[in-house]
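Chemist: Now that you have both chains on their own, put them together as the hints suggest.
Protein sequences, first through last, are from chains A and B. For the first sequence, our numbering assigns the number 308 to the initial residue and increments by one for each residue that follows. For the second sequence, our numbering assigns the number 185 to the initial residue and increments by one for each residue that follows.
These are computed hints drawn from the structure, not numbers from a lab. Everything hinted at is true.
In silico DSS-like pairs for lysine-lysine, Cα to Cα no more than 27 Å straight-line:
#	chain 1	residue 1	chain 2	residue 2
1	A	Lys544	B	Lys271
2	B	Lys266	A	Lys544
3	B	Lys295	B	Lys280
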Amino acid sequence: MTMRRGVGLAAFDNHQRTAQQYSDLGSSILQTHISELTDQLLTFQAALKKFAQSHADEIRSDPVFRSEFVKMCSAIGVDPLASSSANKKGSFWAELLGSDVNDFFFELAVRIIEICRRTRDVNGGLMLVEDVKGRINSVPGRPPVSQEDIVRAVNTLAPLGHGFGIVRLANKDFIRSVPQELSRDQAVAIEATQALGYISVPILRDNLAWETARCIAVLDDLVASGLVWIDEQARPKEYWTPSWIRQ
Amino acid sequence: MSTLPSPTSTSSRSTSFPFPSIYSFPPFFTRQPNSQTWTSQLSLWNSLILAYCRYNRIWRIDLNTAIEWDLFNNRDINRSLKLETCKEVLDSMVKKGDAEWVSGSGSHVSKNTSAIIYWRRPEEWANIIADWIDSTGQKNTILTLYEIAEGDLSLSQDFRGIDPTILRKALDVLIRRGQAQIMKSADGEEAGVKFFGSQ
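Next up, chain B with everything else stripped away, as it sits in the complex (with noise of 0.2 Å):
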C-alpha cells in the first residue's frame, strides 16, 4: 500500500512526480550488497528524493510516515525501499548536507527518524529571500516569520510555506553577512527581522 504525502504547501500539482527510469528498475528497492553499486545506488536516491521533495514542495521527511509514501513504494512493479535501507540512505544525505536530522516530535523520543530536505541550501535561500526583499522595497522593514512564509507578498515565492526550521537558518546567513537583524520587542521578546537589503 502506498500513499502520496499529504500536502505542505498551497501549491499543488496537476501532475504527479515524474518518477525517473531507475525507480522502474526493481533491484533499486534492495540494498545492493557490492559496495560500489551501492554508491552509484545511494547517489541516484539521493537525487530522487531531493527531486521528488522539490517538485511537492516537501520540507521534512519523517521516516515512519514517508516510508507509506509512493517515492519509497513503487506500486507497478510491487517493489518497497525498507525502512534501514532508507535511513541508510538520508544518513548519506545528512553526510552530504543535503539533509539534517531534528529531533523527533510527539511523545517519541526516537533519534534520528525526522529530517529536514535541503532541495535548497540555507544559503540558497538567504539569497532568494535577500533578492526579494530588494525586489519588493522591504528594505528596513520588520516583518514575522510567519509573513515572510506565509504573507501576501510571498505568494509566489520558492519560499511560500518554507518550514520555519529552514527560514531560521537562511535569516541566521542573513544575520551573519550582516543583511538582516533579529529585533526584539521591548520585554525581550523575538519581534521579527530588520532586512538591511543585499549589499
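Just chain A, with the same shape it has in the complex (with noise of 0.2 Å):
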C-alpha cells in the first residue's frame, strides 16, 4: 500500500493515523519478542537446574569442578552465593540451584569459624588459610576443599561483620578472624617473619630502615596482640609467627 501525503488538515489526520499504526506495530513486534525471550528465559532457567542438579554430586566433591561452575555463573551474571534475605536459603539462585552450592560454602564458613575460634589463643586470630585448609581436609569421608573454596568461603561471612576477611601477606594468603586489622607497621613486620620464620629489633632495622624504637614499638605490638611467640633464649630476642609451627 502505498501512501501519499496529502496536504492540509487531512494530511496531518493521516500522519496521526499513520504514527499510531506504527505504535501498534512496534508494540506488538515487542510483545512478540518479550514473549519470545520470556520463553527463552524459561528454558534458560530449566537448563541450568537441570545442569546443577545432575552435578550436584561433582559441586560437593570436585574442587576443579566446582571453580569453573561458580566461574561460569558469574560470567553470565549470576551469583549463585547471593542471597536477597539473611535466610541463606532465600536466594533465588540458591533455589534455582537447588541449594547445593549455597549449602556447600556455608558448611565449609562453619567449619573456618570453627577452626579459628580453637586456635585464636595460639595465633591470635591470623592463620594460614593453607593451614585451615589442612585441618579440614585431614577429616576423612569428606570430599577434599580447595584455598579458592576457603577464600570465597570467607569472603561471604565478610559481610556479617563478625571480624572475618582474607588478608595477603608476603604472597600468601591468611584468614584474619578478629575484628582489629593489622596497621601497616604490623603488616610487614609479619611479612617479615615469613623468610626465616621470626624477627628480631636487627632483622627488622637492617631489612626495613627503621629506627631501633620503631622496631620495639611493632614488636610489643605483635606480642600484645597475640600474633607472634617470643624467643627469650635467642640472642637477640626473636619473635616467631606461630604459622611457623608445623600442622
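Modeler: Below, the structure is given as C-alpha cells:
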C-alpha cells in the first residue's frame, strides 16, 4: 500500500493515524519479543537447574569442577552465593541451583569459624589459609576443599561483620578472625616473619631501615596482639610467627 | 645436656616418643608474656606431658630430675624449659586434675617438687581394674596391692607396674562404689583387697 502525502488537515490526520499504526506494530513486535524472551529465559532457567542438579555431586566433591561452575555463573551474571535475605535459602539462585552450592559454602564457613575459634589463643586470630585447609582435609570421609573454596567462604562471612576477612601477606593468604585489622607496620613485620619464621630488632632495623624505637614498638604490638611468640633463649630475642608451627 | 627418664616398667619402647611439631618451635620453651598465648602454651605442655608419660609409662615427675629429660630439653634446637616455668605448668595440671603434688622424698622437705601424673584418672584405673577382675574370674579373691600391680595375671595390663599411690586411689574409688573392700589380718594389718566384681 503506498501512502500519499496529502495536504491540509486531512494530511495531518493521516500522519497521526500512520504514527499510531506504526506504534501499534511496534508494540506487537515488542510483545512478541518479550514473550519469546520469556520463553527463552524459562528454558534457560530449566536447563541451568537441571545442570546444577545433575552435577550436584561433582559440585560438592570436586574443587576444580566447583571452581569452573562458579566462574561460569559469574560470567553469565549469576552469583550462586548471593542471598537476598538473611536466610541463606532466600536466594533466588539458591532455589534454582537446588541450594547445593550455597549449602556447601555455608557449611565450609561454619567449619572455618570453628577452626579459627579453637586456634585463636595460639595465633592471635591470624591463620594461614593453607593450614585451615590442611585441618579441614585431614578429616576423613569428606570431599576435599581447595584454597579457593576457603577464600570464597571467608568472603561470604566478611559482610556479616564478625571480623572475618582474607589478608594477603608475603604472597600467602591468611584468614583474619578478629575485628582488629593489622596496622601498616604490623603487616610489614608479619610479612618479614615469613622468610625465616621469626624477626628481631636487628632484622627489622637492617631490612626495613626502621629506627630501633619503631622496631621495638611494633614487636611489642605484635606480642600484645598475640600474633607472635617470643623466644628469649635466642640472642637477640626472636619473635616467631605461629604459622611456622607445622600442623 | 638432656637425658632419657629411667625406665619405670618392664615394657620398654623400641622407638622413642614421637614429639609433636610444637616441640620444635623454639618459643615453646619460653614462658609467653601474652596471657592468651600462655593459655594455649599451658594447654600444649599439658597434652605433651600426659602423652609423654603415657608413652613411657611414667607415673610421677620429680621436678629436679625430670628437668633434665628430653621432654623439657630439645637438643636439636638447643632450647630448654626453665624450672620455674615447668613448675607453673605442673601447677596448672594439678588444678585441672591431671596431676597431684606429693610430698618430696628423701631428706629434702621441699614442697611441691614431685607430682603424680594422671595420664589416666583414678576413676579410669578403677574401671580397668574392675573389668580385669571380672574377666580373669578373680571375684571374691583377696589380692595384695603388689599382686595387682606385679602379678602374672596383670602382665599385659595397662596398670602393670602402676605407682602404688595411684593404685591406692583407684582402689579407693572401687571401695566407695562398694566394689571392693580392704581385708585386714588378725593383727589389724592390711592383708589385701577383696573384689566383689562390677555390678
